[in-house]
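Protein chains: 2
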Amino acid sequence: MKRAVVLLSGGLDSVTALAMAREQGFECYTLSFNYGQRHHAELNAAKSLSGQNGAVAHKFIDIDLSAIGGSALTDQSIALPEQYEEAIPVTYVPARNTVFLSIALGWAEVLSAQAIFVGVNAVDYSGYPDCRPEFIAAFEQLANVATKAGVEGQKMTIHAPLMRMTKADIIQEGTRLGIDYSQTISCYQADSDGRACGKCDSCRFRQRGFKQAGLEDPTRYIK
Amino acid sequence: MKRAVVLLSGGLDSVTALAMAREQGFECYTLSFNYGQRHHAELNAAKSLSGQNGAVAHKFIDIDLSAIGGSALTDQSIALPEQYEEAIPVTYVPARNTVFLSIALGWAEVLSAQAIFVGVNAVDYSGYPDCRPEFIAAFEQLANVATKAGVEGQKMTIHAPLMRMTKADIIQEGTRLGIDYSQTISCYQADSDGRACGKCDSCRFRQRGFKQAGLEDPTRYIK
Chain L
0 MKRAVVLLSG GLDSVTALAM AREQGFECYT LSFNYGQRHH AELNAAKSLS
50 GQNGAVAHKF IDIDLSAIGG SALTDQSIAL PEQYEEAIPV TYVPARNTVF
100 LSIALGWAEV LSAQAIFVGV NAVDYSGYPD CRPEFIAAFE QLANVATKAG
150 VEGQKMTIHA PLMRMTKADI IQEGTRLGID YSQTISCYQA DSDGRACGKC
200 DSCRFRQRGF KQAGLEDPTR YIK
Chain C
0 MKRAVVLLSG GLDSVTALAM AREQGFECYT LSFNYGQRHH AELNAAKSLS
50 GQNGAVAHKF IDIDLSAIGG SALTDQSIAL PEQYEEAIPV TYVPARNTVF
100 LSIALGWAEV LSAQAIFVGV NAVDYSGYPD CRPEFIAAFE QLANVATKAG
150 VEGQKMTIHA PLMRMTKADI IQEGTRLGID YSQTISCYQA DSDGRACGKC
200 DSCRFRQRGF KQAGLEDPTR YIK
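Sequences listed follow chains L and C, in order.
Anchor point for the first sequence: position 168 equals 167 in numbering that gives the first Met the number 0, and the numbering is continuous, going up by one each time.
Anchor point for the second sequence: position 38 equals 37 in numbering that gives the first Met the number 0, and the numbering is continuous, going up by one each time.
The set of hints was computed from the structure by calculation and includes no laboratory data.
Wrong hints could be hidden among the right ones.
With a straight-line cut-off of 30 Å between C-alpha atoms, the simulated DSS-like cross-links for lysine-lysine are [to be verified]:
#	chain 1	residue 1	chain 2	residue 2
1	C	Lys222	C	Lys210
2	L	Lys222	L	Lys46
3	C	Lys222	L	Lys147
4	L	Lys198	C	Lys147
5	C	Lys154	L	Lys147
6	L	Lys58	C	Lys1
7	C	Lys222	C	Lys198
8	L	Lys58	C	Lys222
9	L	Lys154	C	Lys58
10	C	Lys1	C	Lys198
11	L	Lys198	L	Lys210
12	L	Lys154	L	Lys198
13	L	Lys147	C	Lys198
14	C	Lys198	C	Lys210
Make a model of the complete structure from these sequences and hints.
In structure tokens, the structure reads:
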């Protein structure tokens, strides 16, 4: 059976990527990172969502990206924005997806997996450079020269199935695949029970997605 | 002043790369990883060597690559080889250099550095795929699409100044630049005092390097 490593944050996008990988016939191994982000509710969600959506194993990796700083997501002294920013926002974590995909690549090699799935999106993507198609293409090229498996001729493919989808498309596809989105956490500052702020960029993209999909928003919000 | 992040393991190669970066006029920020390797002596060495060789700051990052397994360097149940292997050896750590360079890239972006130095070598390289020129070229291409700095037109260069040098060349160059190699640890299984086994691949490449360079080997060995 073909195998994939799936990056799973506990948010709406990555669990949809997991369900799509399963539908494509992959045996899925999910990977989540404790990287110094503001809250842990999304990590708890990731673990539950992994099992609920058919992954065969789930792994956490600790890596302290707050040690290098430079982002409102890992540095409590930088305020989160509540207005949409045209430029790349302060929630950008330097090289985050590069680091996450690199570790996924290592695990994929150990598992003899042929694929990595990542839920990045270039439509409603908040302006992050490492969510663009040219980034995914460059990482795939790197992956195929970086490993023993690659040198031995085993091709690695990086799948970003949400790349061209709107948030509404993603929600409709995931709903069709049976995902319970009330379990997912997208908010940058969810409370310890996993309830969302309703104000940050990530909350606002998500709210608009449910509205445009014509579906009820199941998110639990802080009152 | 131009800035560089320099990957520093505590071994002979990476400290030579640091000295070469300094000679090229870079202000150097050194980065070391506690990644579940067999011993910590090389991390202690990295910290001392950083200051002795003119870096302005040194940072440790913890990342537990033993969680993904697949290498004799991070999995104590896999024996270290004492014979040279033609194939890629069991000391290969899946995607290690990809992970290390990714984190260096994040720090470089925070520092507004234009360069990353890494002491990889394709001559006496033990057969690791992520020590080849095509790997470095692919990572540089990735680096320039992965970050906010890259999107904004700031070019990042990955320097691998040891790539085409033999171990003897490296030792001669580092000696010219004033490095005290008795402080460096290359051994895969050094003891807690940093004394080398003299038997592993890494020790044997190093011994041969000093011999071919016509210099006395200052390494402290386990009796």
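Please write out, lowest number first, the hints stated earlier that are contradicted by the structure. 3, 6, 8, 9, 10 and 12
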